[in-house]
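Q: Residues per chain, in single letters:
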Amino acid sequence: MMDAETQEIFRQEAEALMEALQEGLLVLKETPDDLEVVAGVFRALHTIKGTGAMFGFSRLASFVHNFEAAFEAVRSGNAVVTPELINVALTAYDLIAELLEGGEPDLAKDEELTAALAAATSGEAPAASAAPATSEATTAPAEIQEWDLQFRLPPDFMEIGGNPIAMLDELRELGGETTIVRPLTDRLPSIAQMDTKVIYTGWQVILPGSIKESAIRDVFMFHEDQMELSLAAIHAEPVASAAEPEPAATAAPAPAPATAPEATPAQPEAAAKEAPKAAKAAPAAVAQLRVAADRVDLIMDRVGELVIAEARLAAIANQLENEALLGVVEDIQRLALGLRDSTMALRMTPLSSIMGRFRRLSHDLAETTGKSFDFIVEGEETELDKTVVEKLTDPLVHMIRNSVDHGLEGPEDRAASGKPERGVVKLSARHAGAEVVIEIIDDGRGMNEEAIRKRAIERGLLTEDSDVSRSDVLKMVLEPGFSTAAAVTALSGRGVGADVVKQAIEALNGTIEIASEPGEGTVFTLRLPLTLAIIEGLLIGVGTERYALPLLSVEQILELPEELAGGTSATDVIELNNELVPVLRLRQVFNPDASASTHQKIVIVGANDTRVGLVVDEIIGTNQTVIKQLSPLHSRLKIFSGATILGDGCVALILDVIHLVSLGQKIEQRLKGTAA
Amino acid sequence: MSKEILIVDDSPSVRRMVSMTLQQAGYAVTEAVDGAKGLEAAKAHRYAMVITDQNMPNMTGLEFIQAYRADPSSSGVPIIFLSTESEGGLKEAARAAGALGWMVKPFEQEQLLAVVKKVAG
Amino acid sequence: MTKKTYADLIPRLNSVVAFEMGGEKMVLPTDVLREVLELPTLTPVPCAGDFSAGLINIRGVVLPVADWRPLFGMPLKAADRETRILIIETSVNEQTMTVGVIAEKVHAITEIEPDTLRPVPAVGTRWPTGTLLAMARWNDAFVAIPDVVSIFENQISQEPQLVGAE
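Residue numbers (our numbering), protein chains in the order written: chain A, 1 to 676; chain B, 1 to 121; chain C, 1 to 166.
In case anyone wonders, no lab produced these hints; they're calculated from the structure.
None of the hints are false.
Here's a subset of chain C near chain A, in silico, CB distances under 8 Å, partners left out:
1. V45
2. P46
3. A66
Ranges of calculated distance between the beta carbons of each label pair, as one might list FRET restraints:
4. C/T129 with A/I376: 57 to 63 Å
5. A/D341 with C/A78: 41 to 47 Å
6. B/P72 with A/T387: 51 to 57 Å
7. A/E305 with C/T116: 41 to 47 Å
8. A/T622 with C/G23: 43 to 49 Å
9. A/S58 with C/S150: 50 to 56 Å
10. A/T598 with C/A78: 27 to 33 Å
Backbone N, C-alpha and C define an ideal beta-carbon position, used for all residues, glycine too.
The following block holds chain A by itself, in its conformation from the complex (with noise of 0.2 Å):
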């Protein structure tokens, strides 16, 4: 029964239970005295428990075990929440995702934890291993030949769905062939006056002694304290049996008073503190659905066919100029977009599901570095396709860590040139037209241009008269071969763990810069495309061929200037709003030999604030652009994102707005480098 889809189910759970038992933990260090998010560490610790006991995870559930006694201590006041009692937990957090894992590390570590947890919230009375009690009775030397069991069974018996004939059964089983089952009708009332869901019927069971009092007791042990109940031991010799020193209890029909009370206010107590749950720490288990990826690709997929489907339903019709036709597919229209919406909007997921670790990774830097600073997240809703998020967790932990180690100064050195004590780190994200822009900000030391240029003229990475750009020198960190360990500290600047991050950043098909003050800190940008599967496309000809725009990143659309008409050269150069913009002749780099039109038209499009002109033979008009990913023969062309599907059947290439700017950039220094 522990098939892969349940073993999966388990894992998705224990990972959602882990992120908010860390969650709570560092919330729980902020604001100690918030008994809300005890409660909720307190609950996913016990579910973990729970669950992972019931998936085999043993040493786990053991010590989890101990790990929800020190909270037990907090929740009952016994013990206050410190910062110590936090850094241990947090280590104790580790340990079981270490055990979740699979992993087997030493058994010292449960101890040594255990202790420190328990020194953490020292005063807790050691938990009280509730083992359920057993009364186990020792029997008397003399050897019992029988039992005499005399039982009513409690009143509202049936009310809560009580089967008396199944108690029977079960005592027949346990006592055997010889059990013996007489009714006592001593209470019966008329039957004018009988209630229907009470019992009246008492039983006298007799039992063979083999059998122990407590396998006897705990037939009824849940309904011990509301029901009577006698139970005497016949002895083979004849021994006054009444008065045996067995605990007979007999308890008055009435709800035992003893142990209701006490179970009563302790109740609504216990009720009052988990009633207001801290709705964020819950994960909405009732609002999710988890769905494995590749479903939702394939619903995608075939949402796609249907928008392509649907253009050349509407190509048709507007041929066929027939009115009734063409108002039917306008509705199919207006579905298959908003289908698309929804589904794309599947496969979004925020950036805050990866929020977690870095609140995590970050204060454990200010544990290790002895800085202090103040993690700062803004605009964690921001959205993106969920494995665009998976692969920007190590470039951005690297990041961040780099931040801290490199960037920010220690109290002394932030004292003296006058910052406040406190640093900041801060991670944004936002959207921006057809991109996700994140950036990692911090107000640190800078990184120092000079010494990064000299450091990459050493390496062989740059000459000594390379005339790059600022970012380009500062980006240099990126690039492998850059830093050693030694060199890092000399710089005070930074070795980034390149392959790292430039590498992913790259795969996602985004950008990286870097701008950075010395003395005041740094910024790190990442621009990645919103990879979404259907667009909004501006149709272009370029030659004989028609080419898709993402229309977002489209900012104008202007006849072809005069001064560019006669042109053939691949790349120019216009001004446009007092601002120089790079201009690619498309027709040149695609296909040289058609012919121009007569009617050419440059369409400026933008990304990182930077534009480039694209001089089209054609424009077309616009389309829904369903994406399709180029194989492997084509994927290395940067300059195409991928193709789709017109509406007459035929291929088109999408164009990659984001390496057309970057074309246009070196377009743009190559001629400034000529022009001087």
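Chain A is fixed; fit chains B and C onto it per the hints.
A: Only chains B and C this time, still in chain A's reference frame:
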């Protein structure tokens, strides 16, 4: 017609385990993700048996039992609640609230089946 | 190449598609052949290199089409009524790839006698090294058996050249 069991537990793993175990044994299982949903389900339909966890957000198992028992339609419907051994006073409270029995977590499939067989038949 | 390296190839030879390009006869095992199509509208991919004939739309799927004639130094005969596209599905670099290959003529689905397998001569042939698995005989003619995976691997790793704009 299979006997219908309602499981109220916020843990997807537990619900999954209970559903699969009982369905294989021929019962029909309805899952509720928390006490409130469980209450809704229980009031809307008479189940042969209700199993509820204690440790849930928004409404604990105990609160669920109390709320359900307050509804006359719960008359005669057995409720079994799940608890871990450390919850001492809980059993008495649950019994007082109207549970028929309890089961310790973690439990094995066979244990679950035995209890369901005994209580729901 | 000795006979024993053909161990993998021999079982695949009992069903092959025989086709022609640049005047040469060639065969490919049908275990990589998805289908054979007439040439639909081809959308060229600029700057992709001469192995790329372009992209086609097959039932809503965009497939790349490769032209092996430049690789083998063959003249690019214009497409005519006999031109076909062989849709090939194979695994390259641990990824499944579906690619169309232009064939000037498709002869038949047939089989190759394993005895007729010969290694590709090391010198003096038009076939660049590594592009063929072996040669064989069919219908009284020599036929070449291209190494599809190797050819595609090679084409994938070619750096694209952006004309004019560096």
